[in-house]
Amino acid sequence: MKNLFKKPKTLWMFLGVFLLAAFLTIGSCSRRTALKQDKGGAAEAATLTYVAPGDLDEYYLFYSGGHSGNVYVAGVPSMRHIATIPVFAKYPATGYGFDKETKEMLGEYEWGDVHHPALSETKGDYDGRWLFVNDNGNNRVARIDLRDFKTKQILGPVPNVSGFHGGAFVTPNSEYVLAASRFSIPLPKGTAASVEEYASKYKGVVSGIAIKPDSGEMSVGWQVLMPPYNYDLGDAGKGPSDGWAFWTTYNTEKAIGKLEVTSTQRERDYIVAVNWKEVEKAVQAGKTQVIDGVPVIDPVQTPGLVYLIPCSKSPHGVDVSPDGKWIIGSGKLQSITTAYSVEKMLAAIAAKNFSGEEDGLPILNYDAVKEAEVNVGLGPLHTQFDNQGNAYTSLFVESAVAKWKLGTWEVLDKIPITYNIGHLATAEGDTVDPDGKFLVALNKLSHGTHLNVGPSQPESTQLIGIESEKMKLLYNAFTEPEPHYAQIVKADKLKPIEVYQKEENKNPNAIWDINDAKAERTGDGVTVKTVLVRSTITPTAIEVNQGDKVTIHLTNIEQTTDELHGFGLLEYNINVVVDPGETKTIEFVANKPGVYAYYCTNFCSALHQEMQGYLVVKPK
Amino acid sequence: MDNEKAIETEGTEATQNWLRRFIVRKYDFLEQPLPLVSRLLIIIAAVTLLAVFFFPLWNMTFFSNQYTDGLMLDIYAYRLEGAKTPNRDDLREINSLNHYIGMRPLLESDFSEFVWLPFAVGGLMLLALRAVVLGKMSKLVDVFVLFVYFSLYSFWSFYYRLHSYGHNLDPTAAIKVEPFTPPLFGEQVVGNFTVYSYPDTASYAFFVYGILLFAAIAWAWRGNKRALAAAEA
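Residue numbers (this note's numbering), protein chains in the order written: chain V, 1 to 620; chain U, 1001 to 1233.
Hints are supplied without guarantee of correctness; some may be wrong.
Stated by the list, open to error - Here's a subset of chain V near chain U, in silico, CB distances under 8 Å, partners left out:
| no. | residue |
| --- | --- |
| 1 | LEU56 |
| 2 | SER219 |
| 3 | LYS490 |
| 4 | LEU494 |
| 5 | GLU503 |
| 6 | THR561 |
| 7 | LEU564 |
| 8 | HIS608 |
| 9 | GLN612 |
Unchecked claim - Mimicking DMTMM-like on lysine to aspartate or glutamate, the simulated pairs with C-alpha atoms at most 25 Å apart in a straight line are:
| no. | chain 1 | residue 1 | chain 2 | residue 2 |
| --- | --- | --- | --- | --- |
| 10 | V | LYS518 | U | GLU1081 |
| 11 | U | LYS1084 | V | ASP562 |
| 12 | V | LYS344 | V | GLU267 |
| 13 | U | LYS1084 | V | ASP55 |
| 14 | U | LYS1084 | V | ASP148 |
| 15 | U | LYS1084 | V | GLU175 |
| 16 | V | LYS502 | U | ASP1200 |
| 17 | U | LYS1084 | V | GLU267 |
| 18 | V | LYS502 | U | ASP1142 |
| 19 | U | LYS1084 | V | GLU498 |
| 20 | V | LYS277 | V | GLU175 |
| 21 | V | LYS370 | V | ASP513 |
| 22 | V | LYS152 | V | GLU197 |
| 23 | U | LYS1084 | V | ASP492 |
| 24 | V | LYS495 | U | ASP1069 |
| 25 | U | LYS1084 | V | GLU371 |
| 26 | U | LYS1176 | V | GLU503 |
| 27 | V | LYS502 | U | GLU1031 |
As the list claims (entries may be wrong) - The calculated label-pair distances, taken between Cβ atoms and stated as ranges, are:
| no. | chain 1 | residue 1 | chain 2 | residue 2 | range |
| --- | --- | --- | --- | --- | --- |
| 28 | V | LYS493 | U | LEU1107 | 35 to 43 Å |
| 29 | U | PHE1155 | V | GLU543 | 20 to 28 Å |
| 30 | U | TYR1198 | V | GLN501 | 27 to 35 Å |
Source of the hints: derived by calculation from the structure; they are not laboratory data. Computed from a prediction, not measured in an experiment: that's the story for all the values here. Think of the CB as a built atom: it goes at the ideal place given N, C-alpha and C, for glycine as much as any other residue.
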């Protein structure tokens, strides 16, 4: 070493390498520092988001799990993930998709793409009864009952709807869940036509999925035949705009191929305004054709139902303000968002102030319906509202949230987001009576702002305080894909149960006494009535013959909170979890001879490990 | 008075004299009519006993880290009632937990008390009212003595219940514990539970019933003594 440094050349070389390394280190350090948020308000942020052990969050956050098929539930302001509600995919953790009922509900599909959870409303405010979610992947819509946070109905694939994206948005009294085709196709489904014939043979639809007011039961109400555009997001009017539904469109070029180019050639696309109350009347008047079992209205033949409102190109969100007076729409490649006046829209319709028509539908004169263009920043996507008359618009390209004032149309504040915010949710921000307080940014990219978990990185959600003039970043959370959209509801609006009362269990196969637990042979099968209670699965052994159709009814007879019991059956690909007071049924054919253990999969008690039994399948 | 004269004429030994006087006085006391105040006190006592049909006799509460709000068991004269919320059925829960140490489940059908206790309480009420109507001290003393006997027997019976539940443990139970008697009165640690056992409203009603009957006796006694004193003077 001594000799090495005596040589001036070597010394310089070492120095050079050292300096280069130093520069690189400093460089990367400063980059890291730039990524970090200001820590000045750390104590305040920590206090605002700290929910002490035993204390409860103030709000529920329901956010979509995208192509996981789930809905996630977190608390605000702690941002802690509390529960996962499986909807469109099997979920062994709760046994969803393994028992008879949920298996039938899921049908043949193994995935779904949850985009837009929508809480049921009464008079335009959340009533805490149901949460509706769409499946963009397989054109379905589901209802989650907020009494027990379970998926109760999956409707679909909905006829004629292709890419159920423009939903599930609800009308102010939950009359309808709205749905629209993202991808126009030839109708009815099953019809094949070359993409070259896209403009003439392909059709879009917007639909009203009718909701039964007492049970929440969904059925396809009606559909409106639309030109072959792509329909993106929607919102229902309220107050002065009640009775209207709005959807954004892209590709009004009716182009095919590389849409990134072909669908962005015109400077304007449309927001379509659909008068759903008039549609209802037209349906009752029988002005429909039936396509795939659904009454469908052609708005070209029945005018007065659908109007096109020009909007800067490729818009994503369209949002109605809490008072129902303004419709906010944004082209996602522009730097402005447009506020349209509902009053002016109605006047323009009455005066037939059209700038032309396209595909037989009247186009409202942009200048006649526009109230203001707000210079929010680059890439506005989605707007939500607070209780002070402010609007918050997410800016995907700019990766920021802009706060601006309804009425004066001035931009008040902006906050950077890490990274690339898609949608945002404010507390009760899409109701007639928003709470303000909190905003949750649902971000598409997290870019390693978390502990490194390899290339498959989670998405990020950020909690932003919006109580004061300046928005304040309070908390970063990371979520599984894909937080498309969320709803924030005051916790006291929900009244969930924790135990199914014995009295309410009307399942004819429920039993409540271990002495009633038994296996019975019925023709070619065996039916077992089973009791799950700490810490035994009764019966503890079941004997069947190979080839038997086995039906096992499982009743968890516990009547206390959180005493869940599971039933996992080895090598038969079965696991269900039964909640206290619940009865579930599993069915399978015992086609494999041998002895297969079953056991309680959901930890229950000190002797949980002992909660097991054997299925003996005697060979033929 | 004639009696006393007769005794005096025979008058021999002092002790014999005293004993006779005692018996005669007691006889007079028991035969005496009940004054209005005593009768009113007995009516109140009988009405108080109605509480037994509406309120629990005893309450046991079981606290642990998992049940910081306590599992609650109310014992009525005619049934067992665990606290029941939409989220928890405490009686079911207590039985679920007890089965690990092999304790028999608390079943209403196992308690013969639930049949005879309400019947006996009704009897005590009727006998009290009988004393009011017949208005004789002896009838009142009958009820009071019956009450004392009944209370002691019920107390013993309750203790015996607890004792047998805690001692007749299933030898095949998962958790072997030394036989024990759950607390009749006060606080006791059983496993991971701290159990509190105290009388409840109906027991207090019983107590008040007894006190009122005693007060009715005392009132009549005092009145009688005064009347005697006045007569002698």
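Status of the hints after comparison with the structure:
1. Among the interface hints, the one on V:LEU56 is violated; its C-beta lies about 15 Å from the nearest C-beta in chain U, farther than the 8 Å criterion.
2. Against a cut-off of 8 Å between C-beta atoms, the interface hint on V:SER219 is violated, since the closest Cβ of chain U lies about 31 Å away.
3. Taking 8 Å as the C-beta contact cut-off toward chain U, the hint placing V:LYS490 at the interface is violated, the least distance being around 21 Å.
4. With a least beta-carbon distance of about 14 Å to chain U, the hint placing V:LEU494 at the interface is violated under the 8 Å criterion.
5. The beta carbon of V:GLU503 comes no nearer than 11 Å to any beta carbon in chain U, farther than 8 Å, and the hint placing it at the interface is violated.
6. Interface restraint check: V:THR561 against chain U, minimum CB-CB distance 5 Å, threshold 8 Å, status holds.
7. For V:LEU564, the shortest C-beta to C-beta distance to chain U is roughly 14 Å, which exceeds 8 Å, and the interface hint is violated.
8. Because the smallest distance between the Cβ of V:HIS608 and any Cβ of chain U comes to about 12 Å, over 8 Å, the interface hint for this residue is violated.
9. The interface hint given for V:GLN612 is broken, as the beta carbon of that residue sits about 14 Å from the closest beta carbon of chain U, more than 8 Å.
10. For the proposed pair V:LYS518 and U:GLU1081, the alpha carbon gap of about 30 Å is over 25 Å, so the pair is violated.
11. A hinted pair counts as satisfied when its Cα atoms are at most 25 Å apart, and U:LYS1084 with V:ASP562 qualifies at roughly 16 Å.
12. Proximity of V:LYS344 to V:GLU267 is assessed by CA-CA distance (about 23 Å); at most 25 Å being required, the pair is judged to hold.
13. Of the supplied pair hints, the one linking U:LYS1084 and V:ASP55 holds, its CA atoms being roughly 24 Å apart against a limit of 25 Å.
14. The straight-line distance between the Cα atoms of U:LYS1084 and V:ASP148 is roughly 19 Å, inside the 25 Å bound, and the hint therefore holds.
15. For the hint linking U:LYS1084 to V:GLU175, the alpha-carbon distance of about 37 Å lies beyond 25 Å, and the restraint is violated.
16. About 29 Å separates the Cα atoms of V:LYS502 and U:ASP1200, which puts this hinted pair outside 25 Å; it is violated.
17. Taking the CA atoms of U:LYS1084 and V:GLU267, the gap is about 65 Å. The hint is violated against a cut of 25 Å.
18. Proposed proximity of V:LYS502 and U:ASP1142 is contradicted: the alpha carbons are some 48 Å apart, above 25 Å.
19. Proposed proximity of U:LYS1084 and V:GLU498 is supported: the alpha carbons are some 13 Å apart, at most 25 Å.
20. Our distance criterion of 25 Å between C-alpha atoms is met by V:LYS277 and V:GLU175, whose separation comes to about 10 Å.
21. A C-alpha spacing of about 68 Å is found between V:LYS370 and V:ASP513, which places the hinted pair above 25 Å, so the restraint is violated.
22. A threshold of 25 Å between alpha carbons decides the hint, and for V:LYS152 with V:GLU197 the separation of about 40 Å lies outside it, so the pair is violated.
23. Between the alpha carbons of U:LYS1084 and V:ASP492 the distance comes to roughly 22 Å, so the proposed pair stays at or under 25 Å and holds.
24. Only pairs whose Cα atoms come within 25 Å are accepted, and V:LYS495 paired with U:ASP1069 is accepted, the gap being roughly 21 Å.
25. Note on U:LYS1084 and V:GLU371: the hinted pairing is violated, with a Cα-Cα distance of about 59 Å set against a maximum of 25 Å.
26. A C-alpha spacing of about 35 Å is found between U:LYS1176 and V:GLU503, which places the hinted pair above 25 Å, so the restraint is violated.
27. Only pairs whose Cα atoms come within 25 Å are accepted, and V:LYS502 paired with U:GLU1031 is rejected, the gap being roughly 59 Å.
28. A beta carbon spacing of about 41 Å between V:LYS493 and U:LEU1107 agrees with the range 35 to 43 Å that was offered as a hint.
29. For U:PHE1155 and V:GLU543, the hinted distance range of 20 to 28 Å is not satisfied, since their beta carbons lie about 52 Å from each other.
30. U:TYR1198 and V:GLN501 have their C-beta atoms about 29 Å apart, which keeps the hinted 27 to 35 Å range intact.
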